[in-house]
Amino acid sequence: MQTAMMLRRGCKAAPRIARAFACGALFLGAWPMASALAFTAYVSNEKGNSISVIDTDKLEVTQTVKVGRRPRGIALTQDGGQLFICSGDDNAIQILDTKTLTIIGKMPSGADPELLVLSPDGKLLYTSNENDNLVTAIDVATRKAVAEIPVGVEPEGMTLSPDGKVLVNTSETTNMAHLIDTQTRKIFANVLVDARPRAAQYTPDGSELWVTSEVGGTVSVIGADHKVKQKIAFAVPGLAKEAIQPVGLRFTPDGSKVFVALGPANRVAVIDVASKTVEKYLLVGQRVWQLAFTPDGKFLYATNGVSNDVSVIDVGKLKVVKSIAVGSFPWGVAIAKE
Amino acid sequence: MTRTCRQGLCLKRLATALSALAFAALAPPLHAEHIDVRAAFVRAPHSPDTLSILDVPAEDDAIAGARLAVEDNNTTGRFLDQSFSIDDAPVDSGASAVAAVKRLVDEGVFLILADLPGPSLLELADAMRDKPVLLFNISAPEDMLREENCRANVIHVAPSYSMLADGLAQYLVWKQWKRWLLIKGPHPQDELYAGALRRSAKKFGAKITDERVYEDTGGGRRSDSGSVQTQRLVPAATQNAAPYDVLVAADESEVFANYLPYRTFDPRPVAGSAGLKPLSWDGSHEQWGAIQLQNRFVKLAARRMNERDNQAWVAMRMIGEAVSRTGSGDPKVIRDYITGPEFAIAAFKGQKQTLRHWNQQLRQPILLGDGRMIVSVSPQEGFLHQTSELDTLGFDQPETKCKLP
Numbered sequence: 104m105q106t107a108m109m110l111r112r113g114c115k116a117a118p119r120i121a122r123a124f125a126c127g128a129l130f131l132g133a134w135p136m137a138s139a140l141a142f143t144a145y146v147s148n149e150k151g152n153s154i155s156v157i158d159t160d161k162l163e164v165t166q167t168v169k170v171g172r173r174p175r176g177i178a179l180t181q182d183g184g185q186l187f188i189c190s191g192d193d194n195a196i197q198i199l200d201t202k203t204l205t206i207i208g209k210m211p212s213g214a215d216p217e218l219l220v221l222s223p224d225g226k227l228l229y230t231s232n233e234n235d236n237l238v239t240a241i242d243v244a245t246r247k248a249v250a251e252i253p254v255g256v257e258p259e260g261m262t263l264s265p266d267g268k269v270l271v272n273t274s275e276t277t278n279m280a281h282l283i284d285t286q287t288r289k290i291f292a293n294v295l296v297d298a299r300p301r302a303a304q305y306t307p308d309g310s311e312l313w314v315t316s317e318v319g320g321t322v323s324v325i326g327a328d329h330k331v332k333q334k335i336a337f338a339v340p341g342l343a344k345e346a347i348q349p350v351g352l353r354f355t356p357d358g359s360k361v362f363v364a365l366g367p368a369n370r371v372a373v374i375d376v377a378s379k380t381v382e383k384y385l386l387v388g389q390r391v392w393q394l395a396f397t398p399d400g401k402f403l404y405a406t407n408g409v410s411n412d413v414s415v416i417d418v419g420k421l422k423v424v425k426s427i428a429v430g431s432f433p434w435g436v437a438i439a440k441e
Numbered sequence: 026m027t028r029t030c031r032q033g034l035c036l037k038r039l040a041t042a043l044s045a046l047a048f049a050a051l052a053p054p055l056h057a058e059h060i061d062v063r064a065a066f067v068r069a070p071h072s073p074d075t076l077s078i079l080d081v082p083a084e085d086d087a088i089a090g091a092r093l094a095v096e097d098n099n100t101t102g103r104f105l106d107q108s109f110s111i112d113d114a115p116v117d118s119g120a121s122a123v124a125a126v127k128r129l130v131d132e133g134v135f136l137i138l139a140d141l142p143g144p145s146l147l148e149l150a151d152a153m154r155d156k157p158v159l160l161f162n163i164s165a166p167e168d169m170l171r172e173e174n175c176r177a178n179v180i181h182v183a184p185s186y187s188m189l190a191d192g193l194a195q196y197l198v199w200k201q202w203k204r205w206l207l208i209k210g211p212h213p214q215d216e217l218y219a220g221a222l223r224r225s226a227k228k229f230g231a232k233i234t235d236e237r238v239y240e241d242t243g244g245g246r247r248s249d250s251g252s253v254q255t256q257r258l259v260p261a262a263t264q265n266a267a268p269y270d271v272l273v274a275a276d277e278s279e280v281f282a283n284y285l286p287y288r289t290f291d292p293r294p295v296a297g298s299a300g301l302k303p304l305s306w307d308g309s310h311e312q313w314g315a316i317q318l319q320n321r322f323v324k325l326a327a328r329r330m331n332e333r334d335n336q337a338w339v340a341m342r343m344i345g346e347a348v349s350r351t352g353s354g355d356p357k358v359i360r361d362y363i364t365g366p367e368f369a370i371a372a373f374k375g376q377k378q379t380l381r382h383w384n385q386q387l388r389q390p391i392l393l394g395d396g397r398m399i400v401s402v403s404p405q406e407g408f409l410h411q412t413s414e415l416d417t418l419g420f421d422q423p424e425t426k427c428k429l430p
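Residue numbers (the working numbering), protein chains in the order written: chain A, 104 to 441; chain B, 26 to 430.
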């Protein structure tokens, strides 16, 4: 880190032309020192029918893997050894071996799977089936569906509480977050939020559930009593309010900040969790969609659906430090430790 | 107030008001008791005389969309103890809908989706003025219904001619196809659409370089050798025109527009009633999650969703949305919610759709489709507005002739 800073200070002193050329290279060369470990980011390309594999040190795509049709939601196993890919137009969840980068099997997901979440022990996989108004639980070992839970119209977002006891599903046309007991596999609460809810995430301490509403343009904060206690709205000067469409949402590991992708507003909002106020809007690519942190929490990757790239945000500095070209219509992102 | 009452009493009033406020804030937003919402679909038949057999209306035209929304509302209703249903109330072609709706009102049905010609809808709105009836305009595009003849008991879900024409004009201007040959049919409805197109041309800087009327010689729409004649008729009808970039057709009666593409004297694209059409919806639209709605509709109706099906779906969803948000099936509460500041509906066109409070028209993007694909969606980039870019489509608040109570 210090090396990088010194280099940059040195750059300021250098002649302008030399700085533009050489310092950029030096700065990139110094990058491995800034982050202790090299991680691997996987990005699903919805129209590219592929997964882009990114080396987070080199900040570049190292491989592009052909997968099934219309890959969207992706999730890594705890050990990072396998990547589960919702392959919507194949009505299947594919399993990618991250060592060999080959598809080694598939899960019977039901029709048009879009998003999925893995149980903390890695034994169960939950997915939403938009066409059937169902959430399906699949046993990873046997690759068989073990439960179907009827939910609202167009189930979409999926998340688990930190203790794994509550599964949350959002339904886009019913406009609810459905809270499901993972033991009984029954809904125990339905919370109305603004139009077209997409992502749901618990705060790391599990005390609050935050839900983005894409068409409503807000984030709803749901308390332990299963009631909306606050709605957070956004305003970007010069942008029509209709363009602000919150989609992906991620908390920093310490729970102090939350990042919200605002879709066609082409910005990621940074919210202070305690005061629930928007601190900053970071300009990223077009139609920013899903977000994922590097495992050390230092960088946030944002997929930009329309501009075919991924924005890398320095979490400490709250700055976009790089955009990486990936495949066609990047959608989901997951980052492994290795 | 402080001067006319004793202090203690005033405090008491204030306390009552405060406790009412507190109750409103703390009361659960969802009703505890079961709510059953019954709506009706009043519809006059659409002519089966279409130039393309693909456009012949199905028996369940439009109402199928409402039925799908009833299913969707009922799925949501399971979690809120609310249920929805829709009655089918067909009326004969050219007949008044007033008697049918009066019968429904007597049975306690006050939410009416109307798939009626414009004048018939206006007659119905006036006849129901003193009843707690709320009408949803599913298909009538006449601007007069939203302007000089706007009514407080009508919510317009269908886009107006001026919204459709503006949606098309923005794209043609963006393409730099600014010289138009306008061909309209001889019927009054054709003139309404043509008038909207002329207004749009002026509004966005296009020029109608030539204008023609295509005569309706009557008779059936199809024969086994139809293409032989039209191949000779259309070039003649379009030759010797002043130089133009695009032919814009206004044919609301299915007389000629679908004959125009590929047959014009000069090789020019066709837009308006044929070729590139401004639409509220199309069976080929799949962006912004629309594919999910399309899939549900095909499963229910075994055909593709058209504009009227979609508008009926949106209207029934607006009702569902109002009921789930307010916890009430009262038509007055529903109207207040839909016309109020909180209302917004997600309808698969890329942004929230809200209501123009000054004439109760649903704001919405306009799709531009050729029947196979969606070519573009308006408002186009660069057409700006101080409140909503959607208000660049159609008559805007400063120019409206609508005066609602």
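Calculated from the structure, these hints are not laboratory results.
Remember, predicted model here, so these are calculated numbers, not experimental data.
Some clues are possibly wrong.
The calculated DSBU-like cross-link candidates involving lysine-lysine, where the alpha carbons are at most 35 Å apart (straight line), are [said to hold, decoys possible]: (1) Lys330(A) / Lys226(A); (2) Lys228(B) / Lys334(A); (3) Lys426(B) / Lys344(A); (4) Lys202(A) / Lys420(A); (5) Lys127(B) / Lys344(A); (6) Lys332(A) / Lys357(B); (7) Lys226(A) / Lys228(B).
Tested hints:
no. : hint                  : result
1   : Lys330(A) / Lys226(A) : holds (31 Å)
2   : Lys228(B) / Lys334(A) : violated (39 Å)
3   : Lys426(B) / Lys344(A) : holds (27 Å)
4   : Lys202(A) / Lys420(A) : holds (33 Å)
5   : Lys127(B) / Lys344(A) : violated (41 Å)
6   : Lys332(A) / Lys357(B) : holds (28 Å)
7   : Lys226(A) / Lys228(B) : violated (62 Å)
Checked against the numbered hints given earlier, this structure breaks hints 2, 5 and 7; the rest are met.
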